[in-house]
Amino acid sequence: MSSEHQDHTDEITHEDDLWNPGHRACAGCGPALAMKYVTEVAGEDTIVANATGCMEVVSTPYPESAWGTSYIHNIFENAASVAAGVEAAYQSFDRRKPDEFTSMDDMNLVAIGGDGATSDIGFRALSGMLERGHDVLYIMYDNEAYMNTGIQRSSQTPFGAETTTSPPGKESVGNDTHKKDVASIVADHGVEYVATSSIAYPQDYKDKIEKALEIEGPKFIHVYAPCPVGWNFEADKTVELARLAVETGIFPVFEMEDGELTDVRTVKDRKPVEEFLEHQGRFEHLFGDEKDEETIGEIQSFVDGRAEDLGIDG
Amino acid sequence: MAKAEETEDETEILKGTSAVAKGVMSADPDVVSAYPITPQTGVVEKLSELFADGKMDGEFIKVDSEFNAASTCIGASAAGARVFSATSSQGLKLMSEPLFTASGMRLPIVMAVANRSLSAPLSIWADHTDSFAERDGGMIQFYAEDVQEAVDHVLLGYKVAETVDLPVISTFDGFILTHVQEPVDLPDESETSEFLPPRDPTYTLDPSDPKTMGAYARPEHWMETRYEVHRALNESRDVIAAAVEEFADVFGRDYTEYGGMIDTYRAEDADYVLLALGSIAGTIREVVDDYRARGEKVGMVRPRIFRPFPAEALRDALAGKEAVGILTKEVSPGYESALAGEVKAALYSADDRPAVQDFIIGLAGRDVTKDEIAEMIEETKATEREMDFADEESWPQLRDEIVNEEVDFK
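Line by line, the protein sequences give chains A and B.
Residue 88 in my numbering sits at position 88 of the first sequence; the count goes up by one each step and never skips.
Residue 230 in my numbering sits at position 230 of the second sequence; the count goes up by one each step and never skips.
Check each hint, because a few of them may be wrong.
Once the Cα atoms are required to be at most 25 Å apart in a straight line, the calculated DMTMM-like pairs of lysine to aspartate or glutamate come out as [as the list claims (entries may be wrong)]: (1) K211(B) / E64(A); (2) K179(A) / E247(A); (3) K97(A) / D209(B); (4) K97(A) / D28(B); (5) K179(A) / E64(A); (6) K381(B) / E392(B).
Because the hints were derived from the structure by calculation, they are not lab data.
Build out the structure end to end from the sequences listed, making use of the hints.
If you want it as structure tokens, here you go:
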């Protein structure tokens, strides 16, 4: 076959997909990859409890559903509690109605929320689920703002980023806070397994999901998932940007087990944060006629501090 | 505190909250998730004790808030579990957001609500402002007159909730019923299991047959979903009527009047009728008896159920009366009482409409005495305002000396 451009689309099969094509995610959507990978590892014997947000809206416009697993969505801030309720029901069924329902041993419970649904408005539900020890894997997909409502800042929006509620201006550098360290807060609940990962490293992410699902009790994965629309970059650069975030130390990839840092993805010759920032419209104001060295310096210094704390430089 | 004593007919003297908890025990829920709040706390405490003693063997979620009590019940109910929660006042408000979704998602959930006023000012005492604020959430609402009903309504609630796939709140007045000790016939588990076999869920989340629950609906689908909730509430009247019949057969307690929708007392030949919800009915009965002893035809009508609204039963019971006095422990600020508004709307299509006077009384636990009720009967007798929709409600208990003399908007 000779052709000027290779077309492999006929080689793609969706036969066994549990995150099915036809969902309404934007081209280049990072979170959609995070959903695809989690269903690939968790498998069909899974119940997903999703929070309101992009991955909810794109996947379940009635009467369609992209989910091949069992799936429930209730409201924005209670995915962890809905999952906890499902888990309690199954604990009860295991003892009282084992013939009527699938055993907890033969299935996975996964709660999913975006960064806002998880670390802001759903924080009470998350904390309660973790503290009570429900057997649930919580996945926080982090696209660093409230994208479903049109790009408003969350506690995961990085310093200096422009969102519609952190616009740069005469008196504003953009967002004026650094990311809330949710992984450490979760680990401080006594959660046995906490990890961060990125859609740029699917095998790392999938290995962590697999490891987490083997553990009984609550477990938490924070997955970094760029949003081309909210961050304002070309849709074919999603994976590249996610990788740059790790290579610049912007997004550290690590595991915490029983509260201790047990694994860190080290970065050789860590790149300056500018290499990550300059590709995105949300940081464009830092690179105007006059470069905003002060804000870029502030971001670099925060990243350097985290890199040192975590031992990222290899 | 008096010790619970067992008599020959298995009647126990029990505190209201303990009695409700024991009624819940007999329903054998798979999952209980509740958070403490005055005056409901006795329910969650007694349930905790029953779980600790191994008398209940489902899952008890020691939850972090009422918000997540409702949220965990939603998850558990979607999974196919029989679930229970209990709350009051601010707790019900905190539940409100997830609770409103339970009807749209057609999830049966039964909750006991110990009625208490809503802040501000802060108050822990009884009125009906909390459950009335949930009126439009698609929940069936029961109101108990005494502790026995507070227990029985929970069982009836399960029967109805799990038949029509809707949430039910079973209310009983804070302190007046939660903290009183009354003789109660507790349902034994064999009776309850006859009346209430284990839940047979319409749908579950079981991975053996994957389902998507909680999809979002666009304008071309949403209206039909809401219509179906409305229709299910309306049709639940027949389910309630069947449930009270069966309840009477199994337990021997008869709530079958008007298909379970309303309860009447000496109302049939009455010229004047007082209408009220909940525990105040006990005091009204005594005042009615006093009037009857003097040969005056006074009676009482008490809706057992507020949603679905018993409009037809009320028309039947109240049409042709001289006047109806509505005694209500809630107000819809800006336009009289919500209960009175609905009763008047129901009577609008009656052939022979009575005059109606509504009285806002007993807010935040203010006692309502027999003398005050007698005065309201006199005021009702004097009213000639047939279906006067614009007229003002009466506030007979208002302490004028502490109300600011005039409104002064700057």
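Verification of the hints:
{"no.": "1", "hint": "K211(B) / E64(A)", "in the structure": "holds (11 Å)"}
{"no.": "2", "hint": "K179(A) / E247(A)", "in the structure": "holds (18 Å)"}
{"no.": "3", "hint": "K97(A) / D209(B)", "in the structure": "holds (17 Å)"}
{"no.": "4", "hint": "K97(A) / D28(B)", "in the structure": "holds (13 Å)"}
{"no.": "5", "hint": "K179(A) / E64(A)", "in the structure": "violated (35 Å)"}
{"no.": "6", "hint": "K381(B) / E392(B)", "in the structure": "holds (16 Å)"}
Of the numbered hints stated above, the single one contradicted by the structure is hint 5.
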